[in-house]
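In the UniProt record's numbering, the protein residues as written are 1 to 211.
Source of the hints: derived by calculation from the structure; they are not laboratory data. Treat the hints with care, since some could be wrong.
What the hints assert, rightly or not - SDA-like cross-link-like pairs, simulated, lysine to any residue; straight-line CA separation at most 25 Å:
{"id": "1", "residue 1": "74", "residue 2": "61"}
{"id": "2", "residue 1": "74", "residue 2": "3"}
{"id": "3", "residue 1": "135", "residue 2": "197"}
{"id": "4", "residue 1": "74", "residue 2": "137"}
{"id": "5", "residue 1": "197", "residue 2": "171"}
{"id": "6", "residue 1": "74", "residue 2": "13"}
As the list claims (entries may be wrong) - Distance ranges between label pairs, derived from CB positions:
{"id": "7", "residue 1": "122", "residue 2": "194", "range": "57 to 63 Å"}
{"id": "8", "residue 1": "72", "residue 2": "20", "range": "15 to 21 Å"}
{"id": "9", "residue 1": "16", "residue 2": "137", "range": "27 to 33 Å"}
Predicted model only: the values in this text are computed from it and were never measured. C-beta atoms are modelled at their ideal positions from N, C-alpha and C, and glycine is treated no differently.
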Amino acid sequence: MFGLVVSGRPVITESTTVSPTQVAFSIPSSPPFNHLVVFLLPGASLPPDQAAAVYIQTSSGAEFRLLGALTATKPSAIFRTRNVGATSGANVGAVDEDAMMDADQVAAGSTDGVINIGISAEPAAQVEQMLAQAKAAATADNATALVRVNQSQIPVVTTKVLAQRIISNAFNFLASFGSDVIPLKAFEDWWRKFERKVEMDPTFLERETGA
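Produce the complete structure using the sequences and hints provided.
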């Protein structure tokens with residue numbers, strides 16, 4: 001019912017029946033490959049309320065990862081695998097946005113030299129929900145990574161430098177009065193303005209240069 005095309009290799013149509021609703025394909029992990037095509041064979045079709053969820057297992061004993069799905073209106077999909085089978089690692093995703101989104105990094109290589117592709121007939125609504133959850137998780141991971149990068153770019157400012165910048169800020173404000181005697185109210189005004197600035201931008205002192 002299904003066929004596979006691994007980039008640079010012949011078409012694969014022989015599968016192993018796991019259950020009445022599941023089949024599996026075993027693919028040699030070498031040489032590494034970057035793309036995988038999964039499609040319905042000519043004459044085969046899926047009911048409108050069913051989807052064929054496509055999973056990948058990159059090493060024996062590892063969990064199967066969801067790649068995407070085929071449906072009655074989408075009989076084929078191209079998945080980006082980025083050197084599955086290579087010792088340097090494999091990043092699994094999809095070329096077609098309707099098929100699947102980028103997923104996180106999966107285990108590198110295969111201890112038995114085989115990559116397993118599982119295809120499971122499941123309710124279309126259930127598969128759609130799983131894909132949405134996987135996409136949300138991938139988006140969250142990307143956002144977390146971006147935050148970590150941004151945080152690493154913030155320079156570390158010592159307590160001494162911060163104190164010097166606070167004093168400098170106060171001195172510049174009070175010096176504008178042009179008098180040797182500064183009324184207490186002037187200092188209170190500075191403190192209120194300083195507090196408001198900190199509330200609006202807590203990191204402004206860290207970005208200031210000089211003391």
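Right, here's what the structure says about each hint:
1. 74 - 61: Distance of about 30 Å is beyond 25 Å: violated.
2. 74 - 3: Judged against 25 Å, a Cα distance of about 14 Å means the pair holds.
3. 135 - 197: violated (39 Å)
4. 74 - 137: holds (24 Å)
5. 197 - 171: holds (16 Å)
6. 74 - 13: holds (18 Å)
7. 122 - 194: 57 to 63 Å: holds (60 Å)
8. 72 - 20: 15 to 21 Å: holds (19 Å)
9. 16 - 137: 27 to 33 Å: holds (30 Å)
The structure does not agree with the numbered hints 1, 3 stated previously, though it agrees with the rest.
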